[in-house]
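Here is what each chain is made of, one letter per residue.
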Amino acid sequence: MTQKACKLIIVTEKVLQNKITQIIDAAGATGYTVVSAGGRGSRNVRSSGQPNVSDTYSNIKIEVLTIDRELALKIADEVAEQFFDNYSGISYISDAEVLHAHQF
Amino acid sequence: MTQKACKLIIVTEKVLQNKITQIIDAAGATGYTVVSAGGRGSRNVRSSGQPNVSDTYSNIKIEVLTIDRELALKIADEVAEQFFDNYSGISYISDAEVLHAHQF
Amino acid sequence: MTQKACKLIIVTEKVLQNKITQIIDAAGATGYTVVSAGGRGSRNVRSSGQPNVSDTYSNIKIEVLTIDRELALKIADEVAEQFFDNYSGISYISDAEVLHAHQF
Amino acid sequence: MDFLSNFLMDFVKQLQSPTLSFLIGGMVIAACGSQLQIPESICKIIVFMLLTKIGLTGGMAIRNSNLTEMVLPALFSVAIGILIVFIARYTLARMPKVKTVDAIATGGLFGAVSGSTMAAALTLLEEQKIPYEAWAGALYPFMDIPALVTAIVVANIYLNKKKRKEAAFASAQGAYSKQPVAAGDYSSSSDYPSSRREYAQQESGDHRVKIWPIVEESLQGPALSAMLLGVALGLFARPESVYEGFYDPLFRGLLSILMLVMGMEAWSRISELRKVAQWYVVYSIVAPLAHGFIAFGLGMIAHYATGFSMGGVVVLAVIAASSSDISGPPTLRAGIPSANPSAYIGASTAIGTPVAIGIAIPLFLGLAQTIGG
Amino acid sequence: MDFLSNFLMDFVKQLQSPTLSFLIGGMVIAACGSQLQIPESICKIIVFMLLTKIGLTGGMAIRNSNLTEMVLPALFSVAIGILIVFIARYTLARMPKVKTVDAIATGGLFGAVSGSTMAAALTLLEEQKIPYEAWAGALYPFMDIPALVTAIVVANIYLNKKKRKEAAFASAQGAYSKQPVAAGDYSSSSDYPSSRREYAQQESGDHRVKIWPIVEESLQGPALSAMLLGVALGLFARPESVYEGFYDPLFRGLLSILMLVMGMEAWSRISELRKVAQWYVVYSIVAPLAHGFIAFGLGMIAHYATGFSMGGVVVLAVIAASSSDISGPPTLRAGIPSANPSAYIGASTAIGTPVAIGIAIPLFLGLAQTIGG
Amino acid sequence: MDFLSNFLMDFVKQLQSPTLSFLIGGMVIAACGSQLQIPESICKIIVFMLLTKIGLTGGMAIRNSNLTEMVLPALFSVAIGILIVFIARYTLARMPKVKTVDAIATGGLFGAVSGSTMAAALTLLEEQKIPYEAWAGALYPFMDIPALVTAIVVANIYLNKKKRKEAAFASAQGAYSKQPVAAGDYSSSSDYPSSRREYAQQESGDHRVKIWPIVEESLQGPALSAMLLGVALGLFARPESVYEGFYDPLFRGLLSILMLVMGMEAWSRISELRKVAQWYVVYSIVAPLAHGFIAFGLGMIAHYATGFSMGGVVVLAVIAASSSDISGPPTLRAGIPSANPSAYIGASTAIGTPVAIGIAIPLFLGLAQTIGG
Ligand SMILES: Nc1ncnc2c1ncn2[C@@H]1O[C@H](COP(=O)(O)O)[C@@H](O)[C@H]1O
Ligand SMILES: Nc1ncnc2c1ncn2[C@@H]1O[C@H](COP(=O)(O)O)[C@@H](O)[C@H]1O
Ligand SMILES: Nc1ncnc2c1ncn2[C@@H]1O[C@H](COP(=O)(O)O)[C@@H](O)[C@H]1O
Ligand code: NA
Ligand code: NA
Ligand code: NA
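Chains as they are written, first to last, in our numbering: chain A, 1 to 104; chain B, 1001 to 1104; chain C, 2001 to 2104; chain D, 3001 to 3373; chain E, 4001 to 4373; chain F, 5001 to 5373.
Hints are supplied without guarantee of correctness; some may be wrong.
As the list claims (entries may be wrong) - Listed next, the stretches of chain B that the computed footprint assigns to chain A, with coverage defined by at least 3 CB atoms under 8 Å from CB atoms of chain A:
1) 1033 to 1040
2) 1057 to 1063
3) 1070 to 1080
4) 1088 to 1095
What the hints assert, rightly or not - Derived lysine-lysine pairs resembling DSBU-like cross-links, with alpha carbons at most 35 Å apart:
5) C:Lys2019 / F:Lys5099
6) A:Lys4 / B:Lys1004
7) F:Lys5129 / C:Lys2014
8) B:Lys1019 / D:Lys3099
9) C:Lys2004 / A:Lys19
10) A:Lys19 / E:Lys4129
11) C:Lys2004 / E:Lys4161
12) C:Lys2014 / A:Lys19
13) A:Lys14 / E:Lys4129
14) C:Lys2014 / B:Lys1019
15) F:Lys5013 / F:Lys5099
16) C:Lys2014 / F:Lys5013
17) C:Lys2014 / F:Lys5163
18) A:Lys19 / E:Lys4013
19) B:Lys1014 / C:Lys2019
Source of the hints: derived by calculation from the structure; they are not laboratory data.
No residue lacks a Cβ here, since even glycine has one placed at the ideal position from N, Cα and C.
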């Protein structure tokens, strides 16, 4: 049994990881997946303060599968409102189909 | 020449990486891409046994581009059947368009 | 305000990272996100020369959100033309909807 | 009375040793919410260096040793490793709310050996100037592998018995699930079989678990293969210069970092224990000491029978008290996938290991000093 | 004349010390476009080991010290930490094109302390055989935390004042943005509020910044918690064996690698400074020396009043001259999110730190030798 | 007869040295399927420390050396680096099923130098107490860079010749591919040009490869820049304290870990060799020894002409026998993108390096002892 879902993707600075996952939990999403990422954006509101000479990425990419678009937008809105004035970040959504009746 | 394709995404525990990529190969997919990931899910069937105090992720995200939906579902089904009773994991599919006549 | 966008994904060898991000910048994209990846492909034009015994990935996955399909194809075309004869790599596109009127 | 106060003073003094104090320090700073992180790559290389060093010591010692002395302690190690699993099978597994497979896996983990706990014991023996056989570290695999193998075999026999019927049913379903899924209509929701088969059921056809792959997997794990590499190099090569200039002098310092990590890890795992039955807490406090006493007793037999040193007896008791932290968990995860790792890893990391290092090591050391001195 | 030429020769000699020459080497190879990378995990463990070692030294020293001697230098440290922020508030912040919050954050970072700069100073003191109180390293938190707390409090008071009106307006909008968004129609573009509230505005309700969470966050940072762990172990445990066999002998070598990284980092950050007002360049050259002289002066008072050693005076001057590189930036980023990290991190890493290590250390060392000798 | 048996006994003895035995140990445990992993960050820092140490040794030595002694060996190094590429061009490239560009790239890699192989040779020379010029390590870049430059230039001249026509055609297509692609209709499949141009063809306009960027890239690589940094610090700073307390004492131990990694790596690469022509196997067994003998011969000329030490002759022979493992592969990959890295990296890592370390080093050492003693 597959299930239509909405996939929200947030790319932002690593320092925000805990705060954003709290927002995701609080909003009622059933989970999230985080990946280390690097990148360059158009706004570059703030540079990350990460060392340049090392081999690590200073961004994270968070993916949240939500049961409907509304929840995804709610999370994205909250995140943008709290952080995107002062931190680099972008968020976008796309469609997905969750397999195997995963309780998500 | 672009080519419609199906993209299967599996997020699960790192320990399963080899077993799952064998399933993918055996199913006849032409390739896969693996990324280190962290995350939290609804089921949390099993915690990963990874150290909490270190800075590494204990999940992986595997992406498989398949030529049709059927192959993606076959892989997802096999993976879920063998592992998702005892291991954390979620799988979902979305659409993609492969460019440049890549033999995939 | 959401905005329809095109998401181009390029998976290729890590050694190409700088050259490809230069192409992306030159093409006029507003940004990109890079993630460390491992993988296996059908062509395997070239193996990467990365150590086998260590725990690192030798591919990268680059994601570029572009305002239209044309720009994505232009980047993908340039990358394929310059590199995919001699380096492993695949590129594909999918749809996305950028949120919050991000200037991208 | 005098004996007890001496013992207690010794105990406190040993808690002040670098090894144990870094362990406690790790727990304290984790409890205080410290953001300190020791990168995983550093932990890996430390474990490699500690076990290579122990292996080298053993290998170089074996060159000039009478190996017949090792026979009895090695046999006892095997016996203890197996016994510990059966103890868990007939105590922990009988407790209310404890799943049998979880208990067996926990027994396997507590029967297996922690290289870092052993390293801590060897360091404290040296600090206390208690002599022990240089090959004592080589007892590790003789207890570790039998414990893991026994746990996996016992668990799968249990599961096979219990699930013979279900397995037959599931395997019919499994065959059904392989028929091609109707595709083409992207939006239609196809009907997926939701039943899945127990992984171990693959073995259920011949009703036997293969033992060699488990042994092989243990030997190939990062901890044991580093140690065996060390033994081989100690035996067949001339590693003295790097041993004396590198592996040996760095040993204690690296161990102190690893102890810190284990302390932090222990604290951060405690919350996981809340999710499982409280009997795990009881088990993981009592078991290390019980196992240690059994081993200590057997070691004393070897002491009187073949002159096994008192330091060697302590090593035997400590590896019995220890529970595996590096190679054990993944081996059990693969071998008994239906067992809940929160239960066994939580019990071992959060309580078993601190008890083994912080209580069992000073306890058996003190006991040996009292008896031997 | 003779004095000056002596001073200059000493200066060049100190630049040849391993510590400073690796810093310069790092800048040079970065300028030459070297692809050399020191992995982040290595930098982390080096910082851990350096600060643990400084902590252990301090902790073991405190055991046999008269702690009343520490009172005056510690008070001066607190005073300097606070003062530095106000200096930035009333100099840098007044410059054209400099945003006030950015200036306050920069002051906070320059007031806070860099563990690696302090390690460099201690190493050079030892090389020059200038004695200093073993607890001198423990002055670190007394300057670091007050500076960060002051910067965050001052910035938020400033922002609260400035934004009281805007905040009221934004919070109305914020409430509006929480009303459920009409969903269901996937392709319709819903109308998102584009206004956002200042993060600090959450505090604006009670017009007060809470101080304890900032202190706590500082103490929990990786640098300070490693150091405090070292102090505690030095005080309560017996870490002498690992101290003498591991943390102490590796100290200088590890520091040389860290200095290399800081040199490379400094060079690669310089370009970032181009994006911000040029007054940051002036500030980050002058400030470390000015702060150092203030601290040196106060240190001399303690020298005459309570016998604070000349080496201790140098340590005080150097930690004042240094600017935080590890725990300061994230603390400020969270506490003053609207300040631009390109400004304060760029100023500190690209110029402030090289000036503190490459100029302030040899300068104050030379001064102490001239005065003291 | 007696000579041969002596030689063989010496040979076995050298295989027992820590350096070589860890290499063999690595191959053995990889063959046994060990799960042991040495994290990449550890390998990186080890390479950094080894090459910095070699550089420091060289730099400090050059301070008190008569550099004219270095002229002849350095010239020979350059000559050997260039010669090795042409040997591959006129032997390996002529073999059936071997692509010419692959052969040229392989020659470049075998002509270039492996820092770790050189470190192994220096360690064994010290163990055998054979003196060598402290600046001998500084011959590295004199052979490394000419080999890589020659390979890239020769390959591109070859490609330019071969492809002049195709390039003209492809460049016409390339221009066409830049015209805007008709967009708007998402589902229509636009027609992409499937032809691509050879990367090197960008140079084909002026029919010349620029040499300076290749030299620059080599010098900026992590291995060479660490070594040159060491040389510079050894020359201009006073790094003695960290050299004696850190880089030197840790050298052998770190090398043993790196040797283990190289052994594991060699084994795991062997399978890759199956995909390429078998002549690569022959080449990578014979070439290190052949190159070593040529270099040994030239070294002997320098020995008699300018008093180049026998130890120095061994170093020259070993760096000729070695093939680059860190900076060579990426440089060649970028410079000759159409060459197949499976061929050249496989040949070098799986066979060339073990032969160079395990056979060439003891061979030339033994030869030097026989001739010199
Ligand atoms: N057009 C884009 N495509 C892909 N990722 C982007 C794009 N724009 C921004 N990003 C990611 O979002 C992060 C923050 O962007 P910004 O806030 O524009 O600086 C960047 O570091 C990138 O990782
Ligand atoms: N709603 C979700 N969105 C994104 N990732 C998820 C979600 N639910 C689960 N995951 C990922 O799948 C893994 C396993 O999920 P689970 O089996 O539900 O514990 C988690 O660790 C996450 O990485
Ligand atoms: N079918 C596929 N699905 C997902 N990733 C792929 C697929 N094919 C190739 N890749 C990725 O693209 C890289 C290069 O592919 P190739 O050029 O075919 O060797 C691989 O290493 C994979 O990471
Ligand atoms: Na045990
Ligand atoms: Na300061
Ligand atoms: Na060579």
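These are the hints, each one checked on the structure:
no.: 1; hint: 1033 to 1040; result: holds (count 6)
no.: 2; hint: 1057 to 1063; result: holds (count 3)
no.: 3; hint: 1070 to 1080; result: holds (count 4)
no.: 4; hint: 1088 to 1095; result: holds (count 6)
no.: 5; hint: C:Lys2019 / F:Lys5099; result: holds (27 Å)
no.: 6; hint: A:Lys4 / B:Lys1004; result: holds (19 Å)
no.: 7; hint: F:Lys5129 / C:Lys2014; result: violated (43 Å)
no.: 8; hint: B:Lys1019 / D:Lys3099; result: holds (27 Å)
no.: 9; hint: C:Lys2004 / A:Lys19; result: holds (28 Å)
no.: 10; hint: A:Lys19 / E:Lys4129; result: violated (48 Å)
no.: 11; hint: C:Lys2004 / E:Lys4161; result: violated (40 Å)
no.: 12; hint: C:Lys2014 / A:Lys19; result: holds (31 Å)
no.: 13; hint: A:Lys14 / E:Lys4129; result: violated (43 Å)
no.: 14; hint: C:Lys2014 / B:Lys1019; result: holds (25 Å)
no.: 15; hint: F:Lys5013 / F:Lys5099; result: violated (40 Å)
no.: 16; hint: C:Lys2014 / F:Lys5013; result: violated (42 Å)
no.: 17; hint: C:Lys2014 / F:Lys5163; result: holds (28 Å)
no.: 18; hint: A:Lys19 / E:Lys4013; result: violated (49 Å)
no.: 19; hint: B:Lys1014 / C:Lys2019; result: holds (31 Å)
The structure shown violates the earlier hints numbered 7, 10, 11, 13, 15, 16, 18.
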